[in-house]
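K.L.:
Please work from the sequences and hints to get the whole structure.
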Amino acid sequence: MPVRRSEEKILQRVSKLLAGSLFATALGLAGAPVLAQGISIGPGGVQVDPGYRRGYDDRGPPRSELTRGEAARIARREGLIDVDGVDRRGPRMIVRGSDRRGDDISVVLDSRSGDVLDVRR
Numbered sequence: 001m002p003v004r005r006s007e008e009k010i011l012q013r014v015s016k017l018l019a020g021s022l023f024a025t026a027l028g029l030a031g032a033p034v035l036a037q038g039i040s041i042g043p044g045g046v047q048v049d050p051g052y053r054r055g056y057d058d059r060g061p062p063r064s065e066l067t068r069g070e071a072a073r074i075a076r077r078e079g080l081i082d083v084d085g086v087d088r089r090g091p092r093m094i095v096r097g098s099d100r101r102g103d104d105i106s107v108v109l110d111s112r113s114g115d116v117l118d119v120r121r
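Numbering (the working numbering), first residue to last: 1 to 121.
Derived CB-CB ranges, DEER-like:
hint, residue 1, residue 2, range
1, G20, S40, 33 to 43 Å
2, V119, I39, 48 to 58 Å
3, L117, G44, 39 to 49 Å
4, A19, V48, 33 to 43 Å
5, R112, F23, 53 to 63 Å
Please keep in mind that the hints were generated in silico from the structure rather than gathered at the bench. From a predicted model like this one, the values you see are computed outputs, not experimental measurements. Backbone N, C-alpha and C define an ideal beta-carbon position, used for all residues, glycine too.
P.N.:
Spelled out as structure tokens, the structure:
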């Protein structure tokens, strides 16, 4: 039984449509492993594995306290010439010393951020 031209055209269109949809499906499935997460099924029910976010921390880099040297350097920018001492008082650091005229000066710093809170002359 011979195939007519109109049926040939229909078969060509269907095969092109099928090939295109298969290609689009393959592209869509290529990104699926990226979205995969591990799960655990146990006595507590179904849970997302805690390791699935390994390497991603919403808190940012760990915050550290200022060192005595960093505190002295910041205080020198505020006019302190000779550093007599650096004390930590809770969340603050107090740098004591004298200015270029020899007057006593104290610089109070936030021990985490290094912000100057007060300059006492």
